[in-house]
Amino acid sequence: MSCPAAALLLLLTALLRGGPLAAVEPPLDTLAFGVVADEQRHHLVDVRSEIIRGGADQPARRLLPNAPAAWDGGTLAFTLACDGTRQTYVTATFWGGDAGEELGRLTLFCAGKQVGYRHLGDVDQLDIAGDEPACPGRFFHVTLPLPAALTAGQQQVALEIRASGRIWGYGTNWEQYQKPLAQPTRGIYRIASHTDPCFTPPADLPAPVATTPPLRQAPGAEVMDQLKQRVDAELAKQLRDAHPPGQLAMQFLAEGWHVAWCSAFQRPAVVERVCAGGDELYRRFRADAKIAEADPQVYNAEWLGLGPAGNAIRLLHAPLAGHLDETFDDGAGGHPVRRAAWAQMLRASVEWHRRHRRQYTNQSMINDLYLYLANRGVAALDPAQALPEAAARRYLYESLGLQPWLGSDNDQGGERPLGDHYLQITAKGLTRELGYVGYYGEVLDWAAHIFNATREPGTGRDGDPRLQAQLQKLTAARALFRYPALDADGNRAMRIETVVGWRDTHYPGDVTYGERAGWEGSALYAAASAPDAAAIGIAQQLFADHQFFRTVADEMKEKSLRVTRTLLHIPDEYAALSALPPSALRLPMTPGQGDVAWSDEEDGVVAVHHGAEVFYASLYWRARYAVNFLARVHLVDPRGERIATVREDVRFTPDGHDYTRPDWVNMGFGNGGLRYPGDLHSAFAGEKQPIALVPPGDRFSPGQEHPAAGKGDFYVLRYGDYLISMNCTVGKSFALPAPAGVASAPELISATIVSFEKPLVVGPRSTVILYLGKAAAP
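Take the sequence shown: its letter number 736 is residue 741 in the working numbering, and every next letter is one higher.
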């Protein structure tokens, strides 16, 4: 099935009409902010704005905060031409050297209604300022679609850009969530309306000066000394503390017992402290059994349970042996044997967490890792009470996509909310959190923790080979989503792709090579855990670009114990990887590495390195409730970057129901999130979207979020010179007609020339990416 009547312009024939020889469609209209004559021609009315000379000495306007500062700020109202019969897009131009979340956000309005959502909707705000510059020395351009209902039959539209402060997406009340705008926004240079999904930057916009980015010069190896001082100081603090350690401290001490360079290495005091911590944890459990479900002293308590304590016991199984049959004071007049008491509370945690599993991949991994570690603790204490190792390892296999994820256990074996065949990891190695995910998809740390949990404590041996291979597969897949950029100081770097991520709001993404350094793992943790040729080459690229010590310095800015635990292992990781022979492998998108094109049909995403361009697209894009006919694109080239939400053709199997977009202006999910003050309405409210057929047996009602409700069978996206056709089914084939004026064209995945003597057949679970910039005419 193709698109509904409200989006007839998305028909496949329309997408294919422009061949390689067709002239680039000029914009319908362009407004250059800060140019008085242009502003007058477009009837500009500004409230709290100012004209500046910004990047490349170009004029721009920026919006100012209210006095006193409030959540919103200045506005710009103006008119632009539109096409009353075709999809009209609006593209704003910004300077890539601006940085700081304090620059706030910019939201587009059309005919007085808000275009898109403020947090994780399928149409984003016009600008979301990030902490670091997006592309220093270059411009970037953001394209949004205008609702067809507001442009139909019109020749021009009334638009506004409104300023607001930054958002903290985890906030549960207004003060936490929506921050005030306290300083001017970034400059807005131009805004254009057009019908071609791919905006062409105007020729009169100054081009960047081509230079070779320098290498970072600092920090250097001195950060390793600072790291060791911090870790040893924390170990000393934990060892002398008069109070029993909590779970996280128990785990930290137990890991330190195995690390030769640190002050906790094989110290008897570590064992004594872990005994004290385990006894205190049992006293708390005896007073309140819900501690086994969620220990309030632990972050993400319902996910971790008593897993950290179980891990400490697993790690210290041998040195603890002489203490496990001792009795201790349980705080209520009893003196239970330590082995039996500890096993009882850990088993309670195992039972609750296997019946309360999490669906999203990263959450599933965390819950199941600590469920497994709690069970390993039980096995170290009383093997008869533990789940058999094969039964416990099933949870790890499910979370890492090695076998179907069956949901929470019940008396029938599993709830199976997503059926009998749902895998948490795609066949090509990405997480399945609906579609492609940037930061939340960076689960290499958790995958490494899962693999290392199956190793013999202190030896690094006997890890599960299936889990190791899956970790390496994930590493290779994530490597495709690092693109060349500059760091905040203008040095050579690679960044993680976030623009096309379902759960991402940060642009640009962090400087990342292999693993994204974070609370739970360093930039080297996954590579050191499973060092194949690709992981080694990526680590060596991180070293060669002089970015490794910067990742360590950045991690050390976070002072929590969970980060100090990660720091504990960095010296050994660095030493091991630094000692390996050179590898010729580098990240695929690195300049000079040659062309590559890759697709993942389960997540509906493509990654392309073609000449000087890097191109990402999510064809399955934030379609939580129904098919939305929208794709998200990020194109990086020497002139700048383009970010676009554009229409595409989608073929799908309908279930016979439609989803009506609600009048939400905040979140694109979760009942719309917190309500905003004022009379704000969504420009997309009331739009009918068809619901795709959900697999039989899955629990689903129209209006519920489901991975299949908005998933197409076959996608076709034309963006500039790229024509992408993606078949997401396992048993169907689809025909792609020849684009107008094209006899043959390079196909980038297979690196072959495709002829259009007859329609091109796209088989099951496959993708064709044609580059029409080098196509041959008939």
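Don't read these hints as lab results, they were simulated from the structure.
Incorrect hints may appear among the rest.
[Stated by the list, open to error] Here are the simulated lysine-lysine pairs, DSS-like style, with alpha carbons at most 25 Å apart: (1) K242 / K564; (2) K562 / K242; (3) K118 / K693; (4) K184 / K118; (5) K233 / K564.
[Unchecked claim] Have a look at the derived ranges for each label pair, beta carbon to beta carbon: (6) G225 / G778: 51 to 57 Å; (7) G778 / D467: 51 to 57 Å; (8) A187 / Q271: 50 to 56 Å; (9) D559 / V601: 26 to 32 Å; (10) A748 / H48: 45 to 51 Å; (11) E180 / D660: 39 to 45 Å.
In this text, a Cβ means the ideal position worked out from N, Cα and C, and glycines have one as well.
Consistency of the hints with the structure:
1. K242 / K564: holds (14 Å)
2. K562 / K242: Since the Cα atoms of K562 and K242 sit roughly 19 Å apart, the hinted pair holds (cutoff 25 Å).
3. K118 / K693: Judged against 25 Å, a Cα distance of about 18 Å means the pair holds.
4. K184 / K118: Roughly 22 Å between the alpha carbons, so the hint for K184 and K118 holds.
5. K233 / K564: Judged against 25 Å, a Cα distance of about 14 Å means the pair holds.
6. G225 / G778: 51 to 57 Å: Violated, since G225 and G778 (Cβ atoms, about 43 Å apart) do not stay within the stated range.
7. G778 / D467: 51 to 57 Å: holds (52 Å)
8. A187 / Q271: 50 to 56 Å: At 52 Å between Cβs, range holds.
9. D559 / V601: 26 to 32 Å: holds (29 Å)
10. A748 / H48: 45 to 51 Å: holds (47 Å)
11. E180 / D660: 39 to 45 Å: Holds, since E180 and D660 (Cβ atoms, about 41 Å apart) stay within the stated range.
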